Amino acid sequence: MIRAIAAGSAVALVLGYLGTFIVTRRLSFIGDGLAHASLLGVALAILLGFAPLPTAMLTAVVLAILIYYLERRTNLSGDMAIAIIFTSGMALGLILLHFYSGYQPELMSYLFGNILAISRWDLISIISASVIIITFLTIFFRRFLFATFDPVGAYLAGKKPWLYDLLLYIMTAVAIIAGIKLVGIILVSALLVIPSAISRLYTKSFVNFILLTILLSFLIINSGLILSYYLDLPSGATIVLTGSILFMFLSITKKLIK
Amino acid sequence: MEIPYLQVNNLNYSISGQTILHDISFKIEKGDILVIIGPNGSGKTTLLKLILGVIKPDKGTILINNRNVKTALGKIAYVPQKFDFDRNTPITVKEFIALEKCGKREHGLRYISDALAQVGMTGKENKKLGVLSGGEFQRLMIARALLHEKELLIFDEPAAGIDLQGEATIYSLISQINQKKGTTCLIVSHELSVVSRFAKQVLCLNKSLVCFGPPQVAITPEVLKNLYGSEAGLYHHHKH
Chain A
-1 MIRAIAAGSA VALVLGYLGT FIVTRRLSFI GDGLAHASLL GVALAILLGF
49 APLPTAMLTA VVLAILIYYL ERRTNLSGDM AIAIIFTSGM ALGLILLHFY
99 SGYQPELMSY LFGNILAISR WDLISIISAS VIIITFLTIF FRRFLFATFD
149 PVGAYLAGKK PWLYDLLLYI MTAVAIIAGI KLVGIILVSA LLVIPSAISR
199 LYTKSFVNFI LLTILLSFLI INSGLILSYY LDLPSGATIV LTGSILFMFL
249 SITKKLIK
Chain B
1106 MEIPYLQVNN LNYSISGQTI LHDISFKIEK GDILVIIGPN GSGKTTLLKL
1156 ILGVIKPDKG TILINNRNVK TALGKIAYVP QKFDFDRNTP ITVKEFIALE
1206 KCGKREHGLR YISDALAQVG MTGKENKKLG VLSGGEFQRL MIARALLHEK
1256 ELLIFDEPAA GIDLQGEATI YSLISQINQK KGTTCLIVSH ELSVVSRFAK
1306 QVLCLNKSLV CFGPPQVAIT PEVLKNLYGS EAGLYHHHKH
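Quick mapping for you: the protein sequence lines, in order, are chains A and B. At position 128 of the first sequence the residue is numbered 126 (our numbering), and the sequence of numbers has no breaks. Numbering-wise, our numbering comes out as the position in the second sequence, counting from 1, plus 1105.
Bear in mind the hints are in silico, worked out from the structure with no lab data behind them. Hints may be right or wrong, so weigh each one.
Unchecked claim - Facing chain B, from chain A, some residues (calculated, C-beta under 10 Å):
#1 Thr18
#2 Leu154
#3 Ala155
#4 Lys157
#5 Leu199
To be verified - Just so you have them, the derived chain A footprint on chain B, three or more residues with Cβ under 8 Å:
#6 1181 to 1190
#7 1196 to 1204
Computed from a prediction, not measured in an experiment: that's the story for all the values here. Beta carbons are placed, not taken as given, at the ideal position from N, Cα and C, and that holds for glycine.
Please construct the entire structure, taking both the sequences and the accompanying hints into account.
Dropping the structure here:
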């Protein structure tokens, strides 16, 4: 449980932080797409006997670059590019798993999340990825926000908005995969969106938006984890439902305050 | 011979075989106010995007100070017709202006209030961006350009969607900046009155160049008829 709380806290920080940029960029669907497509990486790892988390991360990064390329270099819109990669990655993953004979308990933990399945190696991978992303995002915070919010302005100021967009996609891919052992492929993208969706109701500045999102993300993940442990419920579903209930409660409260 | 500030040579642009701009050439000097007019679909916004370097021409060149536009990045400000963003995004006026950082001390955070004061937005630093009116947003974009002392200001229909008072404020600001700081301004507009009041040069566009030069010379009844058909009579020359 302590391992799960440590991993949950790292994931809360990184997904909350990244979520503010993703929601501002109107890219909420990208988390879902990358998580589902990462089944390809998990399937590859299971079949070839590699470590699933790093393999899934690497696969998700390649797929994120592919989504970015399709978006920029073809006539496809962003959501179409994501949908194509999302379904193709998942389909390829399912075909690969078809060739694996026998029950694969680890697969279930990737699909639906399992706090007891977090190994020491998983914890190290999750914390390392989170620390790198958070550090990077903080150092280049202003540039990421400029490229996210005003790409033409960033270009005219002599920055390279395309580079920060690409990096945002790559970091999102890594962060999403860091969260799949806790919440599962199917539900992990909710952690990218729900905390931001709540906090933007209550904040006026971007800095406060980030701080409140991280705090909410931390609360949602850890209270969901503790609840799932004591009530013996699936961790992913419990975390996401905790977030959804909090979102509904705080949305209604906000309307009543108005 | 003095080098023109902005030089556009034989510019051609098409999308899927359809000509958007054909053989556009013109040049303006530093400190000019060029108003680009033309009917809807005449290629005005495309011309701006080409000048900004956001899209690439099929043929032709655009030079600023006799050099590629890319070398002028950091010196150009663009005020779009509509800044597309989610109005619920939590970002303040100050945070928005502070996105650009050029490294010069006199363009730093502490001068944001001064820049806002120059466009009549004193005390609005901590306002949420999403609650600003169209006119306030245009002024905010001008404040950002002022803070970083941009050489070239490009406006795409600056008065679109704002009330008459807001429109007057925007144009008088553009005029003041041009006179006080010698900033070169490019304004796309569909209003002929803007030409008579502010333009030092006018460019009439209808996929190709219909006219170019000082308004009193370039704008003739034939040109207006070519651009707007029966609306040609709406234009009144200003007295000199």
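Cross-check of the supplied hints:
Using the Cβ-Cβ criterion of 10 Å, the hint placing threonine 18 of chain A at the interface with chain B is satisfied: the shortest such distance is roughly 9 Å. Of the supplied interface hints, the one on leucine 154 of chain A holds, with its beta-carbon coming within about 5 Å of a beta-carbon of chain B, less than 10 Å. For alanine 155 of chain A, the interface hint holds, since its Cβ comes within 10 Å of a Cβ in chain B; the closest pair sits about 5 Å apart. Below 10 Å, beta-carbon pairs count as interface contacts, and lysine 157 of chain A has one with chain B at about 9 Å; its hint therefore holds.
A distance limit of 10 Å between C-beta atoms decides the matter here; for leucine 199 of chain A the minimum to chain B is near 8 Å, and the interface restraint holds. Check on the segment 1181 to 1190 of chain B: 6 of its residues sit with their Cβ under 8 Å from a Cβ of chain A, so the three-residue criterion for coverage holds. Using a Cβ-Cβ cut-off of 8 Å, 6 residues of the segment 1196 to 1204 of chain B lie near chain A, which meets the minimum of three, so the contact claim holds.
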